[in-house]
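For this one, chain A is given, so just place chain B on it according to the hints.
Read off the chains here:
2 protein chains.
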Amino acid sequence: MTSHKISNADQIPDAAVFSQIRAQVLPKIRPSDAERTKLEAVKAELLETICKTAEMFGEDDIVPISVGSAERSTWLSGNHDIDLFVSYPEDVSRQDMETRSRRLLMEVAKSGDSWEDRHSEHPYIHITKGGFEVDLVPCFRVKSASDIKSAVDRTPFHCCFIKERIPGKQDDVLLLKQFMKSSGVYGSEVRNGGFSGYLTELLVIWYGSFEDVLKNAASWRFGQTIDIMGHQTLAHEDPLVVIDPTDPKRNVAAALSLTRFAQFINAAQRYMKNPSAEFFVKKEYAPLPVAEFKNIMKKRGTEWVGVAFDAPQKADDTLYPQLFRLENSLGEILTVNDFAVMNTHAFAGDKCIILVELMSRMLPPLQRRVGPPVWAADNAQSFYGKYKDADETFTLKIKNEYLVAEIVRKYQTAESLIADKILKEAALGRHVRAAVSDGYQIIGLDEICQIQDPAFWKWMNEKLTKQI
Amino acid sequence: MTSHKISNADQIPDAAVFSQIRAQVLPKIRPSDAERTKLEAVKAELLETICKTAEMFGEDDIVPISVGSAERSTWLSGNHDIDLFVSYPEDVSRQDMETRSRRLLMEVAKSGDSWEDRHSEHPYIHITKGGFEVDLVPCFRVKSASDIKSAVDRTPFHCCFIKERIPGKQDDVLLLKQFMKSSGVYGSEVRNGGFSGYLTELLVIWYGSFEDVLKNAASWRFGQTIDIMGHQTLAHEDPLVVIDPTDPKRNVAAALSLTRFAQFINAAQRYMKNPSAEFFVKKEYAPLPVAEFKNIMKKRGTEWVGVAFDAPQKADDTLYPQLFRLENSLGEILTVNDFAVMNTHAFAGDKCIILVELMSRMLPPLQRRVGPPVWAADNAQSFYGKYKDADETFTLKIKNEYLVAEIVRKYQTAESLIADKILKEAALGRHVRAAVSDGYQIIGLDEICQIQDPAFWKWMNEKLTKQI
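Quick note, the sequences are listed as chains A and B, same order.
For what it's worth, the UniProt record's numbering labels the leading residue of the first sequence as 1, then goes sequentially.
For what it's worth, the UniProt record's numbering labels the leading residue of the second sequence as 1, then goes sequentially.
Worth flagging that the hints you see were computed from the coordinates, not collected in a lab.
Fair warning: there could be bad hints in the mix.
Copies of one chain are not kept apart here, so a pair can be met inside one copy or by any two copies together.
[As the list claims (entries may be wrong)] Keeping only pairs whose Cα atoms sit at most 25 Å apart, straight-line, the calculated DMTMM-like set for lysine to aspartate or glutamate is:
1) Lys149 / Asp316
2) Lys399 / Glu278
3) Lys463 / Asp338
4) Lys410 / Glu392
Next up, chain A with everything else stripped away, as it sits in the complex (with noise of 0.2 Å):
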């Protein structure tokens, strides 16, 4: 928090450049009729399949539900998801009701043109059909969103709710998403840690327009809470609290990164300030190629020192909390041991990839140790008697309160300390831990420069030239 004064406010755009922005945007954005007639099609044809396989299971107690922006009118043109629910009764067990939705998932799925089992908290089949990505998610049907059996069970009350309050909205719905994907904090995968459909859609709800959204956002800070229900009954630690209408327990906003929220404030500063359809525009980064890469590290003069390994095959959800964990790991480990940190990264391809950007990846032999302070006498005394006179031992004094031994240092390099410590002292979780363990590569600038993967290649275009 700070105490500098907020004014983006004080002046803001004529109406007439909004309305002028809306018309420009709006058609690129908003599905065509032909878009739409084709997604009703699908979704009619696809809930009908559900409700006939049901009956021929003999299942009188299921209800297909769709959900999502699909069933509210607020999807963005090109965007072809579709999200069916079949809820099952409450009193059902969670091993009848997957049994028994597996069973009639697999028979719906086979009218699809392709399929898939997913799972994330619990299992979901997941199709394509006519162009269009489906989800078909099973579900509990319980009396309130505050009283679910599985995580999945809230999204029919979040729709209802939707439903029912963005009616004449949609469009500011869409121009919210479309902004936020330009700004890169749209999609709440834990990848990204952005702003979900949902909240958007509350978001336009509570402050009524796009425009309005993005004024007041323009001046949130961190701990910003919207309350529509004012139902709130837990206390929050995040950067933004939204209240979930249908759960007063719960922060729609809970897997909002710091740095998602901080750039939806800048980007609704600087359109507040400069509106113009520019900021609908998402930059696209080309494959960065080798020479210029080169180049451009050469210019930044810094080095690279990182780590490669097999993917787990494992859904980006569960993965990337582990990819960042070790990348945040494997830069409190260069940190402590002096190096010069100045950025690190995560990567996942088919290689998983964690760069860490240094001043240097050479360090002088001379390591200053700061030991315990004369008073803590026993420590004092093991740190004195550790370094007095040893080989390894420049000097051993006192500055201020703590004894200080000038020492040959162990790891002169950044790939003999990342080597060194890996296994036993980086922040692995289970599926990386695994992967590390089975084999892995520790990489430098030649080693990145062989990489193939043009994904990989955009993704460092963006880290090495991104401007806001």
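Chain B alone, transformed into the frame defined by chain A:
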């Protein structure tokens, strides 16, 4: 402060061990009878000269007073200091006192072998006579030490307090002074920041003996307070607080640095654990040969940057505070600009030399500049405006709540940084500023190797090899 257990007092060596050490050390540090007789003779002769000279000038209101360790038999053999004060009545004006004392003391000085006009807070005359260093100091004869007209007026009160209480404990004072000298913590001049003679005497009076001072000092912590007269009236934020028995407002240990305080505690702990006569032998450092210096620097792998300029002709107590400020200031300027500072040093000979030891005198071009948090909207906007699409900008991003620019570093060498900042931003006291403004040289390893002053190379030897 820490919660570590202090256990050094658990097992105190046998009294016989201490006696043996005393018997071994005292003959070396106690002045011989011949030394004493000579000192008394010189002292008596000078006192007589003062009285006769005063009579000659018709000054019948002055009183000469012998103060200092020479007066209370707490001087170490070989230390040939005599302090003679000439006191004037309190109602004499400062101006008159200075004029009269100058006439008087200049006349007295003629009986010396050489003389020098000196001043700290106020002027005094320093003479040598018969191998003794004599300070002739004018002061006011005030009613109490808490009512002084100049800082030196306290000294007669101190002398009086000690003389009454020290008989029988002089050997303990000699042992404590010698122990402190060997540990490098004796001497309260600003350059050293250690214990004064008066302070050591008070410690012996308070704790009773040399060994009891050390036994207790071994478990001192920051803020240790000793108030012999139980008359403290002010709070002091110093490592050691010893309330002046002659002035309740004053901390006798106010000039003691945290480092010297801690060094004494540590030495006391080690002595109480393994007492030996070795603790009373001061390690002397020979001048470090340049070839050996180069060899050590190669092993350390670090680099030097420094500043050299002609030493202002000022007393150490005036010069050193200014040198230390510049030393700290250069260290901070380098640190803030990403240079990894290992050590800073200040030396004064014919030249003043400030040295900073760095991991590297060069940094890569990439600099990471962390800007304001996004919610400081005006500042964020101006940071954005400054770096967006600037020639020097690599990237401009948001990380957590902050705008972060990766830019081309302005100061890629420590030399260029210091050259640009020393006169503009470094903390320069009056005399050091004048000297640096007259001209300075930025130095590195090669220039250091050309320094001829043996005192510098003794000092450097200690910096690079000292082990407590």
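Tell me the numbers of any earlier hints that the structure contravenes, in ascending order.
Going through the list in order, the structure violates no hint and respects every one.
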